[in-house]
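Two chains, two frames, a set of hints: combine them into the complex.
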Amino acid sequence: MSRRDSPRLVVYAGLAAIGLVAGLAVGRVELVALAAPFALAAAVGAALARRPPRLEGVLTLDRERALEGDDVRATLELSGGEDASRIDILLPLSDELRERDRRNPAAVPGSAERVELTLHCDRWGAFRIGPALVRARDVLSFHTWEAAIGGAKPLRVYPSVETMRSLLEPLETQVYVGNQVSRTRGDGIEFADIREWHPGDRLRRVNWRASARRGELWVNEQHPERNTDIVLFLDTFIDARLGMRGTLDMTVRAAASLAHRYLQRKDRVGIVSFGGYVSWLVPASGTRQLYRIVDSLLQMGIVLSFATKNLDVLPPRTLPPRALVLALTPLLDSRTTTALLDLRARGFDLVVVEVSPVPFVKPFGDELSVLSYRLWSLSREAQRAQFEWAGIPIVSWTDGEALDAVLEEVRAFRRYARPVRA
Amino acid sequence: MTLAALSAAAYGGVLTWSCLLATRVAPLTLFLGGAGALLLGFVLVRSTEELLGSALLLLGAGYVLGLLVGRRSLDEGAPLVGAGLLLCAELATWSVELRFRVALEPALRLRRARAVGLLVLAGLASASFVLVVAATSIGGGLAWAILGSAAAVGAIALAAFVRS
Numbered sequence: 001m002s003r004r005d006s007p008r009l010v011v012y013a014g015l016a017a018i019g020l021v022a023g024l025a026v027g028r029v030e031l032v033a034l035a036a037p038f039a040l041a042a043a044v045g046a047a048l049a050r051r052p053p054r055l056e057g058v059l060t061l062d063r064e065r066a067l068e069g070d071d072v073r074a075t076l077e078l079s080g081g082e083d084a085s086r087i088d089i090l091l092p093l094s095d096e097l098r099e100r101d102r103r104n105p106a107a108v109p110g111s112a113e114r115v116e117l118t119l120h121c122d123r124w125g126a127f128r129i130g131p132a133l134v135r136a137r138d139v140l141s142f143h144t145w146e147a148a149i150g151g152a153k154p155l156r157v158y159p160s161v162e163t164m165r166s167l168l169e170p171l172e173t174q175v176y177v178g179n180q181v182s183r184t185r186g187d188g189i190e191f192a193d194i195r196e197w198h199p200g201d202r203l204r205r206v207n208w209r210a211s212a213r214r215g216e217l218w219v220n221e222q223h224p225e226r227n228t229d230i231v232l233f234l235d236t237f238i239d240a241r242l243g244m245r246g247t248l249d250m251t252v253r254a255a256a257s258l259a260h261r262y263l264q265r266k267d268r269v270g271i272v273s274f275g276g277y278v279s280w281l282v283p284a285s286g287t288r289q290l291y292r293i294v295d296s297l298l299q300m301g302i303v304l305s306f307a308t309k310n311l312d313v314l315p316p317r318t319l320p321p322r323a324l325v326l327a328l329t330p331l332l333d334s335r336t337t338t339a340l341l342d343l344r345a346r347g348f349d350l351v352v353v354e355v356s357p358v359p360f361v362k363p364f365g366d367e368l369s370v371l372s373y374r375l376w377s378l379s380r381e382a383q384r385a386q387f388e389w390a391g392i393p394i395v396s397w398t399d400g401e402a403l404d405a406v407l408e409e410v411r412a413f414r415r416y417a418r419p420v421r422a
Numbered sequence: 001m002t003l004a005a006l007s008a009a010a011y012g013g014v015l016t017w018s019c020l021l022a023t024r025v026a027p028l029t030l031f032l033g034g035a036g037a038l039l040l041g042f043v044l045v046r047s048t049e050e051l052l053g054s055a056l057l058l059l060g061a062g063y064v065l066g067l068l069v070g071r072r073s074l075d076e077g078a079p080l081v082g083a084g085l086l087l088c089a090e091l092a093t094w095s096v097e098l099r100f101r102v103a104l105e106p107a108l109r110l111r112r113a114r115a116v117g118l119l120v121l122a123g124l125a126s127a128s129f130v131l132v133v134a135a136t137s138i139g140g141g142l143a144w145a146i147l148g149s150a151a152a153v154g155a156i157a158l159a160a161f162v163r164s
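Chains as they are written, first to last, in the working numbering: chain A, 1 to 422; chain B, 1 to 164.
Only chain B is shown next, with the shape it has when bound in the complex (with noise of 0.2 Å):
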């Protein structure tokens, strides 16, 4: 029930700072991330993982309404976003997890909270050096251009390869 209540912390956190991000079109940014809370919700309450993309989609899709609508040149909380998500599926996965009664050691919980903390603050620490990288001025051009593409089509090839 905790880690279902910071899951549904986390995406707030997200959802209020996408509204706050272009308030002009907070209505549909709050009607998007809406319609994601209530798949968390439901994947939060009848255990099933499989609508969780959806939500973050919805949510993400939200995010990046604002982020176009707004006036911002430069979104600096756009890592903690990314964090903000990725901390709220894996809390609401491990919430999901332990609907299932097993005879949990502490010592496995531990590790597993140890563990979540590790990835989520690795990827906040990710998704801060591309901004930094992106805010240092070494220049643009066709290079970044087919690293940036790479990095998608190598994104795209490790989804089908995690599917398969």
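So that you can see chain A by itself, here it is in the shape it has in the complex (with noise of 0.2 Å):
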């Protein structure tokens, strides 16, 4: 533990030296009389120093994982702070952790034995919790040791997930049994149409009743049920925010909510980061690939970059054919813009959500601003009627809007627009 002595303590050995040479020199006793309160508190002072506290501690968490808005409780076991009249203790916290009981820093006695903090986890992210700082004091704060003690402990907040009723279907299945009713025709439970008997089909799938009609032999046609692919392609490159909220949050959000309700489905699900920093999880199903992805999600950043990114970067099993991309973006670089429309030219089944950046930018006052501001929103607009050309659906999600009733909108624009097929 490094030891730091209040400056006080000089400054009474100081004046209690000064008091005395000048009570000798001029020969007053008042003098000396007035130094030795002084005197008095530096020997104390001196001898306080000769105890320090042996501090020692283990920090533990209720849990290591949470969701957005739990608590997680914090306990630090001290011991070896007999010594001590005073310790204060500051466990130092990110910007999404808060303490609960406004007891951060706290200041407990010397004998104390364990110190419990709430956390209240007000945003998703990874964080390390600890070491927590002490500061051990003596009963007149003549002398304090400071020590970082209990290491660090791993907390994963997850983001909280957006209740979904409906979710949009992919144009196309893949060949996995699902719960996606396919197009095409198989075997299935949903009734798909009626067809001549050929040799091979089975006795159960003929239609007596359209045979007996016909006079001769007609089978039913079912759709398969067979799953999708979802690649939920997310756009990092930059973040606009406003105090804890902003852009890239409402991805994560959205990312989470998505995968997770896709994965309930069968589906297989894969992420991209598209960004300064690109990373991918190849689609796949089941509860561990939602770990993954969440995983994924919690160390999510913006990494500044200006170099040129494209799809070449991404492996060919990251966007698998016939999946649905859908891409969460704030449309704040050409560059994502840029490779939507490759995917879109390359035949991919894309969706454009665009997480709106406008309620997280203010214009300043002044006229050149306001400008600028209005120019701003109109290249917008023409980015927007850009995707609508090339047949994309894209819909705006601002903060505060259900997820749900922005998926309506796309569901709206696909039973009118269809993508044409060469």
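I should point out that these hints are in silico values taken from the structure, not numbers from a laboratory. Since the model is a prediction, treat every value here as computed from it, not as a measurement. Heads up, some of the hints might be wrong.
To be verified - Just the calculated beta-carbon pair ranges, DEER-fashion:
1. A:A25 to B:V133: 11 to 21 Å
2. B:R101 to A:E401: 30 to 40 Å
3. A:P109 to B:A150: 34 to 44 Å
4. B:A103 to A:R65: 43 to 53 Å
What the hints assert, rightly or not - Just a sample of chain B residues kept apart from chain A, beta carbon distances all over 10 Å, derived:
5. L6
6. C19
7. A35
8. S47
Where a beta carbon is used, it is the ideal one built from N, C-alpha and C, also for glycine.
This is the structure:
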């Protein structure tokens, strides 16, 4: 532990020395009397420095994983503080975590063996809690001893998942069994059509009523239930932020909600983080994939880069054919726009959800700022029109709006517009 | 805030006493004490403990001035002045410490108050003891001068030790 002495201890000793010397020099006992309390205080201070505390501690969290809005209890077990009169404890926390009882920093008696703090998880993220910074003091605060104890503990706060009633259906399904009714015909539950019997058709597929009416065998055809591949394409080039809310925050929340719901339906979900730092997860299904996705979302951040990025940086398996690519982008970087148009050109079923940065951007009051804000809004309109011309459904999602409602707009768009295939 | 006010009150008490000690040089004493009060105010407002010594030294100088110019052969209030200065310093330091928002248990406040009280009382007792010893006719001479010098040297050594 590193020791720090109060500056007043030197002052006391100095004043005592000056008083004694001056008393001797001028022959006045009052100066000695004046110096006596300070000499005593300095002597007491020097005596108190002889017994430094040997503080040790263990920091524990009641859990390592929590959801946004949850409370996590941190406990610091202290030992060796008996020689200190008071121990100040500060647990450094990031902005996303808040101490609920306003007890950070806290001061406890030296004899305290355990300090408990309730941390409120305001926002998702991967954090390291600790080590705790402790400062032990003697009874008059003449000396302080400082140390960092308890080690660091990891805490993962997962983003809260939005309740979604319905999801966006991909235009095409994959070959594995799932919950999505395929457009193709085969073995399934959903009735598709009837056709003439061919050798090899199973007896149970014969539609006896149609056969009786036509005088020859006719069989039922069904739509098979298949799974789908969903790729969440997240634009992480730029984050428009205002306080604790921002476009990246919204993107992560939406991605977590969508991944959760699609994986519940037995679909395969992959993720592509397209930004200064490109990362991806190959589509897969199951609970393990959900944890992989959420863990990768927690690591997501903005990395500034001016390098030209295109789809060639992604391995082919990250974008499987016939997958629905759901892009979440604030449309603030032209590299994302280029990449998305490129995806569309390659024939992917693409949907763009524009995570609107508009609520996070406020123009200054002067005329130039207002004008540039208007120009910026117009350029955004132009960008949106560019997507629409390419036949890509694009919807704007603002902070506070339900994602469900936004996806409904895409469904409405798809009812009237279908991609044309050559 | 209360502690700062109490510290300022202790300072004001000592300054008043110093001014009353020799009314002839009261303006000069007031000037020195006023300068010290400004420094003390700076310490209390800006939480800079480093200037506390200068504030005490200025007020001490004002007191010494009054003591030397005044006609009293012995100032019986000297122990109170010493204890008052110590109390002022302790309260000012405590006040500065409390500026940092720390969730403090009430027992800790009580413990600190008791420690400060004991220190000031012990200081008062030691200063009174010095005056009593000086008032008692137990003789003088070289031995006492050597003892006094040793005490002064000891105090300087203590200051050097604490500083290191």
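Which numbered hints fail: Of the numbered hints given earlier, the structure breaks just one, which is hint 4.
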